[in-house]
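Here the protein sequences line up with chains S and L, keeping their order.
Last residue of the first sequence: 216 in the working numbering, with the numbers rising by one and none dropped.
Last residue of the second sequence: 861 in the working numbering, with the numbers rising by one and none dropped.
Calculated from the structure, these hints are not laboratory results.
A hint or two may mislead.
Derived DSS-like pairs (lysine-lysine); straight-line CA-CA distance at most 25 Å [to be verified]:
# : chain 1 : residue 1 : chain 2 : residue 2
1 : L       : 769       : S       : 156
2 : L       : 844       : L       : 792
3 : S       : 210       : L       : 792
4 : L       : 769       : L       : 757
5 : S       : 156       : S       : 210
6 : L       : 757       : S       : 156
Here the structure is a predicted model, which is why all the values come from computation and not from measurement.
Chain by chain, the residues:
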Amino acid sequence: MAALRAFWNSPVGPKTTHFWGPVANWGFVTAGLVDTQKPPEMISGNMTAAMCVYSGLFMRFAWMVRPRNYLLLACHVSNEAVQLYQLSRWAKAQGYVY
Amino acid sequence: MAAAKFQALWNHPAGPKTIHFWAPTFKWVISIANVADFSKPPEMISYPHQMVVACTGIIWSRYSLVITPRNLNLFSVNIGMASTGLYQLSRKVREDYLSDGKEEHVEEQ
Numbered sequence: 119m120a121a122l123r124a125f126w127n128s129p130v131g132p133k134t135t136h137f138w139g140p141v142a143n144w145g146f147v148t149a150g151l152v153d154t155q156k157p158p159e160m161i162s163g164n165m166t167a168a169m170c171v172y173s174g175l176f177m178r179f180a181w182m183v184r185p186r187n188y189l190l191l192a193c194h195v196s197n198e199a200v201q202l203y204q205l206s207r208w209a210k211a212q213g214y215v216y
Numbered sequence: 753m754a755a756a757k758f759q760a761l762w763n764h765p766a767g768p769k770t771i772h773f774w775a776p777t778f779k780w781v782i783s784i785a786n787v788a789d790f791s792k793p794p795e796m797i798s799y800p801h802q803m804v805v806a807c808t809g810i811i812w813s814r815y816s817l818v819i820t821p822r823n824l825n826l827f828s829v830n831i832g833m834a835s836t837g838l839y840q841l842s843r844k845v846r847e848d849y850l851s852d853g854k855e856e857h858v859e860e861q
């Protein structure tokens, strides 16, 4: 109970945008996972490549920003994985990779 | 005068020597990729993805004003993301729900 209350009142807790910003970004991970079930012809190479670089940079940002944001870090690590997987599906479908 | 201003920007806590500058600067590529995808047919737009782009753009616009260091670069790029996301969503909604009548008419011909 005390832990829950500490979380609720935390300066990076659910009453603050430091929590909801990263929660919103988990949407990219979820959307990415949903899109893995769609045919690779629907993948946008532009957007997926952009997402890969974006999550790479924001992993570092999450570490350096104050307050340090572990939720955001976890989100971008996950997104990097999903987007790299989608990029590989796209590249295979385009014939760039066998 | 100009040199002093340049120095101030160069050494800013959210300036070009820090990730606080490069992460948001790169994030523009997402909006640019989205703009490039404006010319793709709406069938190729992903509802989940564009909804996330729009929502994160809106929430992060607020986030960027309360973090340390306060980041107007991040603020502007998220406004851009929200705008392109909402536009892509409107294109797909228009195609899926608002133009059914017209499509049927064309097929009959």
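For each hint, the structure was consulted:
Distance hint between residue 769(L) and residue 156(S) is unfulfilled; the C-alpha atoms sit about 40 Å from each other, more than 25 Å. About 11 Å separates the Cα atoms of residue 844(L) and residue 792(L), which keeps this hinted pair within 25 Å; it holds. For the proposed pair residue 210(S) and residue 792(L), the alpha carbon gap of about 21 Å is at most 25 Å, so the pair holds. Proposed proximity of residue 769(L) and residue 757(L) is supported: the alpha carbons are some 16 Å apart, at most 25 Å.
Using a Cα cut-off of 25 Å, the hinted pair residue 156(S) and residue 210(S) holds, with the two alpha carbons roughly 14 Å apart. Between the alpha carbons of residue 757(L) and residue 156(S) the distance comes to roughly 51 Å, so the proposed pair goes past 25 Å and is violated.
Violated hints, listed in ascending order, are 1 and 6; each of the other numbered hints is respected by the structure.
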